[in-house]
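**Q** If you want the building blocks of each chain, they are given just below.
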Amino acid sequence: MKPAISIQKLNKSYKDEQALKNISFDVEQGELFGLIGPDGAGKSTLFRILTTLLLADNGEAEVMGLDVVDDFRNIRNRIGYMPGRFSLYQDLTVEENLDFFATIFGTTIEANYDLIKDIYVQLEPFKDRPAGKLSGGMKQKLALCCALIHKPEVLFLDEPTTGVDPVSRKEFWQMLKRLKQQGIAILVSTPYMDEAALCDRIALIQKGEILSIASPESINDSFHGTLVAMKSHRMYELLKALRIHPKVESCYAFGEYLNATLVEGVTDWKPIEQDMRDKGFDDLVAHDATVGIENVFMQLLSKTEA
Amino acid sequence: MKQYLAFVKKEFRHILRDKRTLLILFGMPVAQILIFGFALNNEVENAGVAIYDMSGDYESVLLQNRLENSEQFFIERECQTTECIEEAFRQSKARIGIILPQNFGSDLLNGQKPEIKIVSDASDPNQAQVLTSYATAIILTHVKGRATIVQNAPIVSAIPRMIFNPELKSVYMFVPGVMGLILLLVGAMMTSLTIAREKELGTMELLLVSPLYSWHIIFGKVTPYWLLSFFNAMVIVTLGIIVFDMPMNGSAALLIGSCLLFSLTALALGIFISAKANSQMTAMFVSMMGLLLPTILLSGFVFPIENMPIVLQVVSNIIPAKWFIMIIKGLMIKGSGMTVIWKPVAVLVFITLLLGVAAIKSVKPRLNE
Chain A
1 MKPAISIQKL NKSYKDEQAL KNISFDVEQG ELFGLIGPDG AGKSTLFRIL
51 TTLLLADNGE AEVMGLDVVD DFRNIRNRIG YMPGRFSLYQ DLTVEENLDF
101 FATIFGTTIE ANYDLIKDIY VQLEPFKDRP AGKLSGGMKQ KLALCCALIH
151 KPEVLFLDEP TTGVDPVSRK EFWQMLKRLK QQGIAILVST PYMDEAALCD
201 RIALIQKGEI LSIASPESIN DSFHGTLVAM KSHRMYELLK ALRIHPKVES
251 CYAFGEYLNA TLVEGVTDWK PIEQDMRDKG FDDLVAHDAT VGIENVFMQL
301 LSKTEA
Chain B
1001 MKQYLAFVKK EFRHILRDKR TLLILFGMPV AQILIFGFAL NNEVENAGVA
1051 IYDMSGDYES VLLQNRLENS EQFFIERECQ TTECIEEAFR QSKARIGIIL
1101 PQNFGSDLLN GQKPEIKIVS DASDPNQAQV LTSYATAIIL THVKGRATIV
1151 QNAPIVSAIP RMIFNPELKS VYMFVPGVMG LILLLVGAMM TSLTIAREKE
1201 LGTMELLLVS PLYSWHIIFG KVTPYWLLSF FNAMVIVTLG IIVFDMPMNG
1251 SAALLIGSCL LFSLTALALG IFISAKANSQ MTAMFVSMMG LLLPTILLSG
1301 FVFPIENMPI VLQVVSNIIP AKWFIMIIKG LMIKGSGMTV IWKPVAVLVF
1351 ITLLLGVAAI KSVKPRLNE
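Chains as they are written, first to last, in this note's numbering: chain A, 1 to 306; chain B, 1001 to 1369.
Isolated chain A, as found in the complex (with noise of 0.2 Å):
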């Protein structure tokens, strides 16, 4: 079976910068597969061009076996795309948006409603509602509601969950989990690191370049050696004071700690944990840490920069 998507040695360049650099990767039929990365990392320029609406430098991508070039009128047929800003007609209520929609695919709303039950239901209430009224999640949905709505084989998602709040975040997830096991294959990009845990393969992408692709448990076994968590209620100094620690290599603030990575061979944070204290940090919390997703990025960035 061919893959859903599949690009090779793909090249975009802005007037004085390269978006994209020689990216490679293929996404199976089926499979849920997660671009992440900061903000300009050049995912959007990515989802443009295997949404056919932007063309390449160089390098060919395919999307169904259907050539993004050559064969754009038969992809636009068959995939379904949610841009990275919220992209509905906010004067239209949501059902005119999602009608307008329907129609446009050449279908109706009654035709595949199966397929976005799940997600209308709960628009359902507001229907009448003009789409510019809708809170950031509801927004969200009805974007995705019109993504689905002609039943496409591949799902495009630009970063949906920006500016989403977590409880709206989750139950994204969950559908796009549904959407999965009908056999859709999505491509979703996320600046969200623990977004990148319910994926089942994810690409981590920085300046254009991919530097990594893995499932996330895989991913986390990829990151060398010792992370240590440390807190104290002096984080600056105490950042400081670790980056310059001979057996530290590198320390970044992830959420109320502070994540230690150790030089190679260094496995034993019990005497860098004595040396901070003895500087005067008295209320020192220290324990071994669980590499996430995050201490992946940030090394192999280290390591590319480097």
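Among the hints, erroneous ones may be present.
[Claimed, not checked] Calculated cross-link-like contacts (lysine-lysine; reagent style BS3-like; alpha-carbon spacing at most 30 Å): (1) 1364(B) <-> 15(A); (2) 207(A) <-> 170(A); (3) 15(A) <-> 1361(B); (4) 15(A) <-> 1276(B); (5) 127(A) <-> 1019(B); (6) 207(A) <-> 303(A); (7) 1364(B) <-> 9(A).
These are computed hints drawn from the structure, not numbers from a lab.
We have chain A; now place chain B onto it with these hints.
**A** Just chain B now, kept in the frame of chain A:
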């Protein structure tokens, strides 16, 4: 077809739900025609006359009475020198001066043509021209009547007669001009604005990713505005006829046809602009500076094309509104038929076809970079 209809329906919803759009669409034409019709007119009413009567006989007094009794003039002062007339101009009290020669009455009755001098304040040249022609008309009619009565023999003289617009009503000029302006504004500005809005809001991306073809998007956008432009044109014509007694001498079918044609020209321009403009600001600016100003200045709406330098006269040929105004004036005021107006019609058709092809070609199936 279904997709096209859905698009038109959506477009009508946008228009009807946006109060600003509605105001521009329906308020502006009415406001403009009323402003141009009532406020900006060249018509002469109660202009002051400084008169320098060198003869002071019976006939000259009769002529002065005739001027005084006209709607257009009143005798502001009686002068004894030409300097006095200049002074009246400088004070802006009088706008025209009339000098009657010595022996005016006897010369007139003896069949010798007395020479009457008309001096006008040309600091406003258009006004001066209009005033002079009014005064000439009044004086000549009067003098001719007197001479005939007394001598019982006609004297030869040229008497201007303003045909088609005997009262020199400026609204006859403005109605076709405002029609051109409004159609251009609604067509070009509104269409380019709505397409730019789709780009700004990101909905254009969704439309492009859908199976819609460019022509769905173009014709779906254009249809509602085409109907509305046409509706506006009819409102302006009706207002012109009812409120300003504009004549309608030509064929109504031809008038409707040319309004529809010119709306298409404007819409093609609008699409052409929007293909290049990515924001509503740019679209607005280009329509204003690139279309509205040249139209007002070079279409013959405000300034007569014949008086322009030759370069501008050539440039005026590419202004679609110029041809449209020619057609409308011919139809409404002169009652010309197709045999007379075929040339501007042909030019307009040609421009429209050219712009239409350029517009359709300018819409790409992908995003601009």
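**Q** Next, verify each hint and record whether it holds.
**A** Hint-by-hint comparison with the structure:
1. 1364(B) <-> 15(A): Answer holds: residue 1364(B) to residue 15(A) is near 20 Å, not above 30 Å.
2. 207(A) <-> 170(A): Within the cut-off at roughly 28 Å; holds.
3. 15(A) <-> 1361(B): Holds, at about 25 Å.
4. 15(A) <-> 1276(B): At roughly 18 Å apart (the allowed maximum being 30 Å), residue 1276(B) and residue 15(A) satisfy the hint.
5. 127(A) <-> 1019(B): This hinted pair holds, its Cα atoms lying about 22 Å apart.
6. 207(A) <-> 303(A): Holds, because 14 Å separates the two Cα atoms, which is no more than 30 Å.
7. 1364(B) <-> 9(A): holds, 26 Å
The structure fails none of the hints (numbered hints given earlier).
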